[in-house]
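Enquirer: Each chain, letter by letter, is given below.
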Amino acid sequence: MHRKTLAELSAALHKKDISSIELTQYFLARIGRHKALNAFVTLEPEKSLAQAKAADALLAKGQAPALAGVPLAQKDIFCADGWRTTCGSKILSNFVAPYDATVIRKFNDAGMVCLGKTNMDEFAMGSSNETSFYGPVRNPWNTETVPGGSSGGSAAAVAARLAPAATGTDTGGSIRQPAALTNLTGLKPSYGRVSRYGMIAFASSLDQGGPMAQTAEDAALLLNVMAGFDPRDSTSVEAPVPDYTAALKHSIKGVRIGLPKEYFGEGLSPEVAQVIEAAVGEYKKLGAEIVEVSLPNSQLAIPCYYVLAPAEASSNLARFDGARYGYRAPEYSDLIDMYKKTRAQGFGSEVKRRIMIGTYALSAGYYDAYYLKAQKLRRLIAEDFRQAFETCDVILGPTSPTTAFKLGEKSDDPVAMYLSDIYTISVNLAGLPGMSIPAGFDGKGLPVGLQLIGQYFGEERLLNVAHQYQQATDWHKRIPKGFE
Amino acid sequence: MEWEAVIGLEVHTQLMTKSKAFSGAATQYGAAPNTQACAVDIALPGVLPVFNKEAARLAVKFGLAIGAQVNRHSVFARKNYFYPDLPKGYQISQYELPVVAKGQLTIDVDGQEKVIGITRAHLEEDAGKSLHEDFRGMTGIDLNRAGTPLLEIVSEPDLRSSKEAVAYLKKLHQLVVWLGICDGNMQEGSFRCDANVSVRKKGETKFGTRAEIKNVNSFRFVEKAIDYEIERQIDVLEGGGTVVQETRLYDSDKDQTRSMRSKEEAMDYRYFPDPDLPPLVLDDALIEGVRATLIELPDAMRARFMSQYGLNKYDAGVLTATREMAGYYEAVVRESKADPKIAANWIAVELSGFLNRDNKDITQSTVTAPMMAGLLKRLADNTISGKIAKEVLEAMWAGEGDADAVIEKKGLKQITDTGAIEKVIDEVIAKNPKQLEQYRAGKETLFGFFVGQVMKATQGKANPAQVNELLKKKLAP
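Listed in order, the protein sequences are those of chains A and B. Under this note's numbering, the residue at position 315 of the first sequence is numbered 315, and the numbers go up by one with no gaps. Under this note's numbering, the residue at position 432 of the second sequence is numbered 1432, and the numbers go up by one with no gaps.
Hints are supplied without guarantee of correctness; some may be wrong.
Examples of chain A residues lying across from chain B (beta carbon under 8 Å, computed) [as the list claims (entries may be wrong)]:
#1 Y99
#2 M199
#3 F229
#4 D233
#5 I290
#6 E312
#7 A344
#8 D368
#9 Y456
Keep in mind that the hints were calculated from the coordinates and are not lab data. Built from N, CA and C at the ideal position, the CB exists for glycine as well.
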């Protein structure tokens, strides 16, 4: 049962082969058996089962939406009415959201069941899930390694088939990098495609929610639910939402796939390079045309991102002050002391590091040299992509320079950690859609992710290119040992 | 040594939108604490601002009214600082690109007109309120006001005295209320002012070091705070000291300003464009749509009242103080068909006397425009004299009905029957033979005595013109 895709589960539910209650109980039991992965922060079986019961009622009437009754794990960054929503932080350890994020509301309207809230790097700041206040998540492919981050809990949950699919959010690679490290299909939609309302902000101009699933088809099914203009989010785009499953089966003969030479240079693990090259060969077989492209400002993406994202974060996280909700220091002498102690005790070290970097970058006298300069670089990076897409339809490369690394391996070296997002970050800076799909394994049996980058609002084409690859390969069907 | 003050004002006007600048919560004043603060206003995790375009329309209206350039493209920025009544830890404001650019306002001080530059006007959201009393060592936070749209109007440092500053403030107040963009209620904080004050030797072109005075929220306090601050700075300089750049707070109880924070302690607000909000783009359709709703402005209307109705500057000014007053006057002129100058006098002097006495504005007048027109009609058709009309107006003000009802009830109808007046005159002359003799001997000043006696005998109801005419005949030798 746990090996079934969303598409298969949906069919089974509509045929009444299984009920949503049974399915939900099944996955909850599985989650209970694999607590050691630490994939979930909060479980509310009663709430999940109540949703399942309601879905079964809808299914019984025969008028249920496609995904009604299908359980889904939610990254703990999305506010869900009545659910504790921690964002991986101590400072929200007692925060029960009184409202639904737009994405949550859409899943509820679709009749889907929330299985639980998944672990994540604190405020989505991290690439290994080690910055979570609730402890690191373990990668089911090798529990001594990290699942990637920040959507590490969602990645581990789906990889271990504790949930058929999950949501993630991606500010610099937080859907794609963990998907790569755990053999999943993860999609970061174009900026503005999915509402950010109710998704706790890290860097507002970069954050985007998206699906983490077993297949491109499942990702398309989830995006069908998630995407669309939201009047509550002024940065969401008022553009029609296609049926993302419609174009999956189209042939990709003649589709021009661009390989940016900058993505295959120094820093890329040879084993990952090999897997990606093999995947390029597969695409050739499928009739795609391979072209070389250049993204000359790629090396500027990380410095640019580590000015802009912390700058926005330093302001976005100011609301966590202990005054209205969340953690407040038990003892303090006055207002300023309350702020200082609450935030010193409530935030972890990576979050504090980024708040300080961001505050510095926005300070009088430094703003032009850092923030403004980074904004200019951001435009150059976007322009690189625009030019590259003049000669290709989709860009292909590695998602992450390495496969999953060991727990603790990079946690004392922030720059080494930041470099694990070197291929994903520029996509957020440009606002483009990006995917990671399973493409093979390294010598240690750890999965390698292939990144596909599309044109602005080109999710259909991206999903089509991913799906065709998954029709020709079976990497995405592999499940880690002990979780079959 | 002669000193000159240099003053610039920053005025925060609350815009009269139904809902807040970035949320759907109501803006109404006076609700129970925190009942008009939604998820966005209290800055729950994950919420996002959505701009209320009505606030932009009101800002555009102001921009057009002061002849300013309205920026087609302006940017919302975050002003970052921590305070419990600022839930997000930042205020959404406009920084580098405000919605309204340079404009101007003409003020009138002691009959002299002066043009005051307006540097800019930008949109921002109000903070909540911290209530330090009533909580025994704790502070209460009311977020009802948080997110209310404000237009911050910044003047050039063109003002040279507290008198000019007050004239500018009053003019600005009149304008924003006239335009219907702000209710102007200073007690409720709808119209608030910070003053930047510096002094320099007369003839200098460089500005002195300025102090910013916060929290001056009545015309009277603005005047007093500025006067105090000018004196303080002159004292410092004449004593050989230097003025330090700082923020000062005006204490109305002690009538003085005191230091709040120095330049060194000044906050670095770390402004940057708000990534949650796209730039505010105003197209021609919106701007022209607002222009089409622009009504005649107070200055233009005052000039028209002077030329069209032949009013003097003072009366025209009083009658255009508010839109309601102007509307009242024109309604009275239209309905009564009275001489506009006479109508002006009855409203600007007589009725205004009652309004001021009872601290009411024209919308609260018990004497409505049709009632005032009715009074002027009775005056014009000689039913009552001017003196009686004042008595009638007082009764009308007291709620005793319209002019005809008061005249009827009190029997104030003017006596115009020549026979009746003659009869009274004859009686008066008969009673005062001595005065008659003196008058006829040439003491003409006694004419007034006879008029007075006749009016007294008729309780003021005799038509004064007829009394004069008939008396002259009867008294003639």
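Enquirer: Evaluate each hint against the coordinates.
Expert: Quick rundown of the hints versus the structure:
no., hint, result
1, Y99, "6 Å, holds"
2, M199, "6 Å, holds"
3, F229, "12 Å, violated"
4, D233, "5 Å, holds"
5, I290, "36 Å, violated"
6, E312, "6 Å, holds"
7, A344, "14 Å, violated"
8, D368, "11 Å, violated"
9, Y456, "16 Å, violated"
The earlier numbered hints that this structure contradicts are 3, 5, 7, 8 and 9.
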